[in-house]
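J.: Using the hints, position chain G against chain Y.
For reference, the chains in residue letters:
Number of protein chains: 2
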Amino acid sequence: MTHPHALAQSVEVLAFDVFGTVVDWHGSIVRELRALHPQVDADAFASAWRAGYGPSMQRVASQAGPAWVRVDELHRQILDEILPRFGLDALDEAQRRHLNRAWHRLDPWPDSVPALQRLKQRFTVCTLSNGDIGLLTHMAKRAGLPWDCILSADVFRAYKPDPAVYTGAARVFDVSPAEVMLVAAHGYDLDAARACGLRTAFVERPLEFGPGASAEVRGHERDDLHACDLLDLADKLGA
Amino acid sequence: MTHPHALAQSVEVLAFDVFGTVVDWHGSIVRELRALHPQVDADAFASAWRAGYGPSMQRVASQAGPAWVRVDELHRQILDEILPRFGLDALDEAQRRHLNRAWHRLDPWPDSVPALQRLKQRFTVCTLSNGDIGLLTHMAKRAGLPWDCILSADVFRAYKPDPAVYTGAARVFDVSPAEVMLVAAHGYDLDAARACGLRTAFVERPLEFGPGASAEVRGHERDDLHACDLLDLADKLGA
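Quick mapping for you: the protein sequence lines, in order, are chains Y and G. Residue numbers for the first sequence follow the working numbering, so the first one is 200 and each next one is one higher. Residue numbers for the second sequence follow the working numbering, so the first one is 200 and each next one is one higher.
Among the hints, erroneous ones may be present.
Any copy, or any two copies together, can satisfy a pair, since identical chains are not distinguished.
[Claimed, not checked] In silico DMTMM-like links for lysine to aspartate or glutamate, alpha-carbon gap of 20 angstroms or less:
id, residue 1, residue 2
1, Lys319, Asp431
2, Lys435, Asp310
3, Lys435, Asp242
4, Lys340, Asp271
5, Lys319, Glu211
6, Lys340, Glu211
Keep in mind the hints are simulated off the structure, nothing from the lab.
The shape of chain Y in the complex, shown without the other chains (with noise of 0.2 angstroms):
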């Protein structure tokens, strides 16, 4: 580990992986579900829809040509399919389009708005996401989270972990790979913009996947800085 103030002495750019790291997905579609649908077993609903994104996501990723899916639309046919496992296969078109919106609407972790107001105030503070600028701009404009500028998977025309996402990031802002740092609660995320030059902070998210279930959990040795939320982040950042 670089010690931290030298750390936020040669970093520029804060880039955050999103959903997980800066948002609690799971706890938000669980809320919407109980709202709308009592009767389902939300916590399984909301896991079973977020464990069909990365097998989608890997198809898209790995298909040839210019062809870009939005978010909307994987997260849209992973619905269709698991909705008659929960008994939901009823839901008329509205109301599937109005289900599938709930990626947009979802909260941010407490620590998740001040911290980002103050850690702005020393760096530029960005998304790194593989959700589109559209659903990442929805999302802050309804959770106030104050980003500086939202990149994304589409800016880029690859997700991550490609290598394109992570030096993207570094070019947009006409900086060296090690003055941008993705700030992520995911280990394949931060090795893969280790990789790249980017310098790392792991933070810990316990309850991304819920209460009950495990969460990622990693040591200090390969990242630049642990945090436990992103308070605790923008503390050892000076900001």
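T.: The following block gives chain G in isolation, referenced to the frame of chain Y:
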């Protein structure tokens, strides 16, 4: 013209041209130059610098292939060309770099920030500029421009007035072109947006090219709205 009230109901996204429409490039370049090199005709310098921009951009836009040139590089090429004409060829690399970054430090027109704060209560407000994401982010951060999202030519790999930029803005937010309104002080931009089905609002910026020069005047008939500044636009859209 559609009735302003009906317009406000049907529009979701306000996409803003930036240089000239939201920020005062001429006055800001003059300010920087006067502070650094008071002996130079700052008015003429600002005009010469900007005059090179259109042709440079057209040169880049007409080139085939995936090459993408940052606006910083275009500005720098023009700067290097014009410095001798103004007796500034002795500027060293650091001075040239600093001066070139003046385009990141453009001041907003006095109405821009308060108007955007009002407009974003009701609409998604984003940039739609040929400037790149990094430049626009730095500018917004310094000037306090409260964008929900920064969209620019580099997101779409095309420069305005290429239709890909205008239709791209609608696609990003998953809305129809008629739900996006381009706000600009330049007819060529508004005309191209309208040809793609966007709504258009012309904003008068009589001082865009400096106090002595004439700026674009435009009749009322072609655009959905005509505003004397962005606060007037907010009034007309009921924001």
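J.: Is the C-alpha distance from lysine 319 to aspartate 431 at most 20 angstroms within one copy, between copies, in both cases, or in neither?
T.: This pair counts as within: shortest intra-copy Cα distance 15 angstroms, inter-copy 31 angstroms.
J.: When no copy is specified for lysine 340 and glutamate 211, does a C-alpha distance of 20 angstroms or less occur within a copy, between copies, both, or neither?
T.: between (24 angstroms within a copy, 13 angstroms between copies)
J.: Since the copies are identical, ignore which copy is meant and state whether lysine 319 and glutamate 211 lie within 20 angstroms (CA to CA) inside a copy, between copies, both or neither.
T.: within (10 angstroms within a copy, 27 angstroms between copies)
J.: Check lysine 435 against aspartate 310 for me: Cα-Cα at most 20 angstroms, and say if that holds within a copy, between copies, both or neither.
T.: within (14 angstroms within a copy, 38 angstroms between copies)
J.: At most 20 angstroms between alpha carbons: which applies to lysine 435 and aspartate 242, within, between, both or neither?
T.: Neither, since 34 angstroms and 46 angstroms both go past 20 angstroms.
J.: Given identical chains, is lysine 340 near aspartate 271, meaning Cα to Cα at most 20 angstroms, within a copy, between copies, both, or neither?
T.: Within one copy, since 17 angstroms is at most 20 angstroms while 29 angstroms is not.
The earlier numbered hint that this structure contradicts is number 3, and it is the only one.
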